[in-house]
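Visitor: When you get a sec, could you build the whole thing from the sequences and use the hints?
The residues making up each chain are set out below.
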Amino acid sequence: MTVDVLIIGAGIIGSAVAEACARRGLCVQVLEAGIPAAGTTAAGMGHLVVLDDNPAELALSRDGLARWQARQHALPSQAEYRACGTLWLARDDEEMAEAERKQILLRQHGLDSQLLTADELRRCEPALVNGLAGALRRPDEAVLYPPVASRWLLSQAEALGAVLLRNAEVNCVNDEGEVSLSDGRTLRAANIIVAAGNQSTRLVPGLPLKPRKGQLLITERYPATVHHQLVELGYIRSAHTNDGDSVAFNVQPRATGQLLIGSSRQYNDLDSGLNWPLLQRMLARACEYLPGLLALQALRSWTGFRPATPDKLPLLGRVPGCQRLWLATGHEGLGITTALASGELLADLLCNTRPSLDPHPYDPARFDTWTAATPIQAVEAATC
Amino acid sequence: MLIRIELDGTVRQVPSGISLAAVLAGLPGRRSASGEPRAALCGMGVCFECRVTVDGQPHQRACQLPVREGMVVQRDV
Ligand SMILES: Cc1cc2nc3c(=O)[nH]c(=O)nc-3n(C[C@H](O)[C@H](O)[C@H](O)COP(=O)(O)OP(=O)(O)OC[C@H]3O[C@@H](n4cnc5c(N)ncnc54)[C@H](O)[C@@H]3O)c2cc1C
Ligand code: FES
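As they're listed, the protein sequences go chains R and U.
Each residue of the first sequence is one higher than the last, beginning at 1 in the working numbering.
Each residue of the second sequence is one higher than the last, beginning at 1 in the working numbering.
The hints are simulated quantities; they were obtained by calculation from the structure and are not laboratory data.
It should be emphasised that the depicted structure is a prediction, and the values quoted were computed from it without experimental measurement.
Just to be clear, a hint being listed does not mean it is correct.
Said to hold, decoys possible - Some chain U residues well away from chain R (every beta-carbon gap over 12 Å; in silico):
1) 1
2) 2
3) 3
4) 6
5) 8
6) 16
7) 23
8) 24
9) 27
10) 33
11) 42
12) 44
13) 58
14) 69
15) 70
Claimed, not checked - Computed beta-carbon distance windows for the label pairs:
16) R:277 to U:17: 52 to 58 Å
17) R:107 to U:76: 46 to 52 Å
18) U:28 to R:186: 30 to 36 Å
19) R:159 to U:42: 39 to 45 Å
The beta-carbon is built from N, C-alpha and C at its ideal position, and this holds for glycine as well.
Guide: So, in C-alpha cells, the structure goes:
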C-alpha cells in the first residue's frame with residue numbers, strides 16, 4: 001500500500017506534522033525507531049514562549065503559542081499545561097531598555113505585555129534577589145510537560161487514522177518515495193517527511209544541522225515560591241548570539257512544586273553525560289537570581305541536544321532539488337513552542353494550500369550547502 | 001539517656017544517639033505523590049524514601065539524621 005505521507009520520527013515535530021496531515025484527511029504513517037517522544041522532546045523545558053530575535057522566529061513562535069493556547073483544554077491533565085506567564089528580568093538600566101524595546105516590538109505584533117518596576121517585581125516574585133531593575137511580563141505564555149503533550153498529539157493523529165510503526169528504524173530514504181528500514185523492509189509513500197531531530201543528518205546528507213547540548217536540573221517538590229517562568233533578559237545575548245558555551249538564568253515552576261532550572265548551550269560536545277563545571281556555572285547563575293535555591297535539593301539533572309541550524313530557524317519544506325522528500329526539523333530550543341505551527345505549515349505546503357505564515361524563511365533551500373541537483377543523488381548514494 | 005523531640009506536634013522521649021529513622025520505624029509515614037505509603041528502605045541515604053521535614057526543612061533523610069534535643073519533625077511533606 002502506498003500512503004500519502006510517511007513521517008520519520010515521533011518526537012513532538014513528527015507528531016505535530018502527523019496530526020496536521022491526518023486532520024486534512026491524508027493517509028499518514030509514522031515510523032519511530034525508539035520510543036515516541038523519548039528523544040530531544042523528553043529533555044526539553046516546555047516553556048511556550050515568543051522569541052523575537054528575528055521576524056521569522058517571532059512569527060512561528062507566536063503562531064505556535066496561539067495554537068497551544070487554543071487547544072489547552074483538550075490536553076490531558078498530565079500534560080501540566082499552565083498559563084503562568086513569563087517574566088523577562090532586567091538587572092540594570094541597559095536591560096530595562098531592552099525590556100522596553102521588546103514591549104514595543106511585541107505590541108506591534110499584537111502581543112500584550114507589562115513593564116514592572118523594581119517594586120512591582122519584588123511584590124509579584126518575592127523570592128527573587130533584591131536589586132533587580134524590573135521586568136517585562138508576558139502574561140499569556142505558558143509551560144507544559146513536553147513528552148505527554150507530544151504523545152497526546154500522536155494519539156490525536158492515530159484517532160484520525162494515522163498509523164504508528166514502532167521499532168521502525170529508517171536506514172535510508174530517496175526521492176522515489178522509498179524508505180528502507182533496518183529490518184530489511186521497504187515502504188513506499190507519495191511523500192516522505194524527515195522529522196528525525198538530530199538524526200536527520202544520517203538520512204539526508206548535507207543537512208545544515210548541529211546538535212546543541214543543553215543541561216537542566218529539577219528540584220524536589222516544595223511549596224510554591226516562584227509563580228512565573230523566569231528568564232533573564234541577558235538570555236538573548238548569551239543564548240542566541242553567542243556560539244561558545246553559555247549559561248543563562250531560566251527557571252520554571254512546575255505544577256508539582258518542583259523548580260526546573262536551566263539552561264546551558266554548547267556546541268561541539270556530543271557526550272550525553274553532564275558537564276559538571278558548566279552545571280556549576282548554570283546553578284551559580286540561578287542562585288544569583290534566586291538565592292533561596294541554595295537550600296533546595298536537586299532530584300535529577302540531565303542533558304539534551306537541540307537540533308540547531310546555522311540561523312536557528314527550522315527546516316520546513318522540500319529537500320532542495322527533491323519532489324517527494326521533505327524536512328521538518330532544526331527547531332533548536334523552540335520546538336515545543338513551534339510544533340503546532342510547524343505541523344500546520346508543512347501540511348499546507350504538502351496539500352498545496354496557502355499557509356497562514358510566509359514559508360520562505362524556513363525553506364531548506366535558503367542554505368547554499370545544497371545545490372539543486374546533488375541532493376537526490378547524494379541521498380541515494382550515501383544512504384541506500 | 002533520653003532526649004525530647006517533637007513529632008507532628010507531640011513531644012516524645014527517645015534514646016539519644018539513635019537515628020531519626022529508628023524513631024519513625026513502624027509508624028505511618030510519608031505518602032508518595034500518587035498517595036502510596038512510604039517508609040525507610042535502604043537505611044543508608046540512597047533511596048530517599050525516608051524523607052521528613054526537620055526544623056522546617058523539607059526532604060531531610062531520616063536515616064541520615066541522629067536525633068537531637070528539641071528537633072521538630074513533620075512526617076508528611
Ligand atoms: C535542554 C533543552 C531545553 C529546551 N527547552 C525548550 C523550551 O523551553 N521550549 C521549547 O519550545 N523548546 C525547548 N527545547 C527544544 C525542543 O525540545 C526541541 O526543539 C524539540 O523537542 C525537537 O523535537 P523533534 O521532534 O524535532 O526531535 P526529537 O524529539 O529528537 O524526535 C526525533 C525522533 O525521531 C526518531 N528517529 C531518529 N532517527 C530515526 C530513524 N532513523 N528512524 C526512525 N526514527 C528515528 C527518534 O527516536 C526521535 O523519537 C529544549 C531543548 C533542550 C535540549
Ligand atoms: S532509607 Fe533510604 S535514604 Fe533513608
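Visitor: Each hint should be assessed against the structure and marked as holding or not.
Guide: Results for each hint:
no.	hint	result
1	1	32 Å, holds
2	2	31 Å, holds
3	3	26 Å, holds
4	6	20 Å, holds
5	8	18 Å, holds
6	16	27 Å, holds
7	23	22 Å, holds
8	24	19 Å, holds
9	27	22 Å, holds
10	33	7 Å, violated
11	42	17 Å, holds
12	44	17 Å, holds
13	58	6 Å, violated
14	69	23 Å, holds
15	70	20 Å, holds
16	R:277 to U:17: 52 to 58 Å	40 Å, violated
17	R:107 to U:76: 46 to 52 Å	47 Å, holds
18	U:28 to R:186: 30 to 36 Å	60 Å, violated
19	R:159 to U:42: 39 to 45 Å	44 Å, holds
In terms of the numbered hints stated before, the structure departs from hints 10, 13, 16, 18, listed from lowest to highest.
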